[in-house]
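Okay, here's what each chain looks like letter by letter:
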Amino acid sequence: MDEFVLQLLNGLDKGGAYALIALGLTLVFGTLGVVNFAHGALFMIGAFCAVVFSRLIQLETVTIDPEKLTPWGSPMEIRTPLVQAWFGDFGAFLVQYSVPLSLLLAIPVMLIVGLVMERGLIRFFYKRTHAEQILVTFGLAIVIQEIIKASFGANPIPVNAPSALSGSADVGAWLGLGQGIFYPWWRLAYLAFAAVVVGLVIAFLQFTTYGMVVRAGMEDRQTVGFLGIDIQRRFTVVFAIAAVVAGLAGVMYTPIVSPSYSMGMDFLVLSFVVVVVGGMGSVSGAVLAGFLLGILQSFASMNEVKNILPGIDQVIIYLVAVVVLLTMPRGLMGRKGVMEK
Amino acid sequence: MKFDRINRRIFLKSSAIIGAGLATPTIFTSGSRAQGFCNEPTGANVVLGFNCPQTGPYAEEGKDQLKAYELAVKHLNGEGDGGMLNTFKGSVLKGNGILGKKVTFVTGDTQTKSDAARASATRMIERDGAIMISGGSSSGVAVAVQSLCQDTGIIFMSGLTHSNDTTGKDKKRNGFRHFFNAYMSGEAIAPVIGEAYGKNRRAYHLTADYTWGWTQEESIKNATEKLGWETVAAVRTPLGSADYSQYLTPVLNSGADVLILNHYGNDMVNSLRQAVQFGLRDKQANGKNFEIVVPLFSELMAQGAGDAIKGIYGTANWDWKLDNEGTKAFTKSFGEAYGTPPSQAAQTGYVQALLYANACEMAGTFNPAGVVEALEGFEFDGLGNGPTLYRAEDHQCFKPVLVVQGKQDPADKFDLLQVVKEVPAEQVSYDASIFGGELGPVNTAC
Chain A
1 MDEFVLQLLN GLDKGGAYAL IALGLTLVFG TLGVVNFAHG ALFMIGAFCA VVFSRLIQLE
61 TVTIDPEKLT PWGSPMEIRT PLVQAWFGDF GAFLVQYSVP LSLLLAIPVM LIVGLVMERG
121 LIRFFYKRTH AEQILVTFGL AIVIQEIIKA SFGANPIPVN APSALSGSAD VGAWLGLGQG
181 IFYPWWRLAY LAFAAVVVGL VIAFLQFTTY GMVVRAGMED RQTVGFLGID IQRRFTVVFA
241 IAAVVAGLAG VMYTPIVSPS YSMGMDFLVL SFVVVVVGGM GSVSGAVLAG FLLGILQSFA
301 SMNEVKNILP GIDQVIIYLV AVVVLLTMPR GLMGRKGVME K
Chain B
1 MKFDRINRRI FLKSSAIIGA GLATPTIFTS GSRAQGFCNE PTGANVVLGF NCPQTGPYAE
61 EGKDQLKAYE LAVKHLNGEG DGGMLNTFKG SVLKGNGILG KKVTFVTGDT QTKSDAARAS
121 ATRMIERDGA IMISGGSSSG VAVAVQSLCQ DTGIIFMSGL THSNDTTGKD KKRNGFRHFF
181 NAYMSGEAIA PVIGEAYGKN RRAYHLTADY TWGWTQEESI KNATEKLGWE TVAAVRTPLG
241 SADYSQYLTP VLNSGADVLI LNHYGNDMVN SLRQAVQFGL RDKQANGKNF EIVVPLFSEL
301 MAQGAGDAIK GIYGTANWDW KLDNEGTKAF TKSFGEAYGT PPSQAAQTGY VQALLYANAC
361 EMAGTFNPAG VVEALEGFEF DGLGNGPTLY RAEDHQCFKP VLVVQGKQDP ADKFDLLQVV
421 KEVPAEQVSY DASIFGGELG PVNTAC
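Respectively, the protein sequence lines represent chains A and B.
For the first sequence, the residue numbers in UniProt numbering are 1 to 341.
For the second sequence, the residue numbers in UniProt numbering are 1 to 446.
Since the hints were made in silico from the structure, they are not lab data.
Any given hint could be a false lead.
Unchecked claim - Short derived list, chain A residues pointing at chain B, Cβ under 8 Å:
| hint | residue |
| --- | --- |
| 1 | Trp72 |
| 2 | Ser151 |
| 3 | Gly153 |
| 4 | Asn160 |
| 5 | Trp186 |
| 6 | Ser298 |
All figures in this text were calculated on a predicted structure; none of them were measured in a lab.
Note that the Cβ used here is the ideal one computed from N, Cα and C, for glycine as well.
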């Protein structure tokens, strides 16, 4: 039972990450009709926002201490974090909470990255085939990845959660299941964050006039255009929102998995499977499929299951995708007419 | 272009020219066959090839190793402060290159992939005329390049490779390993963790699913079971998994009270940090404190894992804090040149380059046959690891193995690991035949 609860939480957590990335992918596909293989790179850029921010905040002054020597006999450099030297306790707080504070930095950065990517490159490919879109966005992803590798190295860079959130929570006691079921606080925070962001995006699309027009544009771009609305500009905004969502997901993910240049690609393929299972262009489908596949993958990795079906945890997602596509070719919540001609 | 204008004469002329062009490399090749051995240096220089991961998951280790090779070349040529050349006992090196020829080098990027490593080694041998290849930060790469060097008549002085197979079932007469192996790690670490955690423990292994992971899991399992530990489960994880939560969760209720992470590089950084986040180290199981062991440690991984390594036991080939003359000399040279202490990857590369050069001097030739003879059974000291033997039977070095522990209270950012014990070579030695394999004959022909 304990393991069941823990794997369920693992699945929800993983599902949260899948859903956040797939949400952006499907938004862009639904509005702009672009298959964006550079979406994983946006997730990675977000994670590196956290790296940059925590490095900035930990910038140190270097003084030479002639008394102390390095192991090879030169004078030792003494380093003190600037913010701590300037602001004392408040500086220490800033250093501690560098990951949550990076969210604030990531929003403008991701907005700019998203706008530049859409205006600078992707808009020239709206009328091209999906194959050409995939090629150009995949190429872009590789370029971004190589830039990150050249700037930050190939090793993962550890980024720490605030110490208040780096332990584990007694989930068992909360659920009345007795003692001994602990789950990391930060992963719970990630789950809550995913739920809030998904809720906000869906609310934006469902309940605001702006979102309603975007949805109308997804259904029939031409007619909305005839009504005198610049739907293209709204789509650019949607692209930027998708970039921000991916970037924030990346920031929050850093204390779980140390950021490295390849993290975007690791998530990309899985996220596409999630989009396809959920239904191309369906926002709620992407969210549903994200959580569903995350949970299934976690349960498939239980030793009890693997003893019966070895290796099932590696293929479960693809098996589900095959079954769903054979029985429901449009995905779980796919609509007629999307990617069909 | 009008093809009807090409008449017979033009066709014959151009065929002759193209034919001559195609034959040219063959003329050179047949010339090189006429040499006594492959890539015999004839000019004033001798070329060494350093094949390190400069990209990919082990890039940081590779870059550090490359710095050490550059230092070794400098010292061999009599430049700089001479480093361990001053402390190397058993050396006939004069600091004027190798056999009077100035040492130059070429580098290749293995990308931590066997095929890329073979391609770059081939390029260095065929195009640059490298007489020896050294490097690698993965057993998969080392085994692949070692067999390539055997086939092309080049000496391979492996860099960082810890799988038993390198000098076990995949050993080759032209290949030599200074680094220790998984078996030695197991023999060295078992008594220490037995002492620290008790004889009555239940271990759960998470293992990187490739040759190195498998041999390490086997060696550590055997060594800890001899102590009386029970192995609850050994679960394989795919290389390069980023999120280990799904593998860590089953550990919690498996009845195990020790987690052994047979992971390296990025994988180890992620799995260890996540195990700590899941509260494994705060947990009690079977009435004991839950413990984590990482059998193969490196300073660069320790930097990546941050606070998670505090108190964790592992083994290492070498540490810059060792108290001996060779270590001090090397740390000084490296620190002054690059501003950081050298890693074990750097030390093993540096030492291999010196040992190769010395073997050539001893043999009086670059001929692999002479080099192999000089290195087999060679005993030396002063290279940072104490008295060391290059065993003739399998070309494996035997020297003390370090048991290290993540430091609780580091004095500075270089001070991440402390040496808990130096396990003497006799305690980690084994019969050369237990891992199978045949050295075969030495190859000198291209």
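Each hint tested on the structure:
Given hint, Trp72 (chain A) at the interface with chain B, holds; its Cβ is 3 Å from that chain's nearest Cβ, closer than 8 Å. Look at Ser151 (chain A): its Cβ only gets to about 13 Å from chain B, farther than 8 Å, so that hint breaks. A least Cβ separation of about 6 Å between Gly153 (chain A) and chain B falls short of the 8 Å threshold, and the interface hint therefore holds. Because the beta carbon of Asn160 (chain A) sits about 7 Å from the nearest beta carbon in chain B, less than 8 Å, this interface hint is met.
A distance limit of 8 Å between C-beta atoms decides the matter here; for Trp186 (chain A) the minimum to chain B is near 7 Å, and the interface restraint holds. Because the beta carbon of Ser298 (chain A) sits about 5 Å from the nearest beta carbon in chain B, less than 8 Å, this interface hint is met.
When the structure is compared with the earlier hints, a violation turns up for hint 2 alone.
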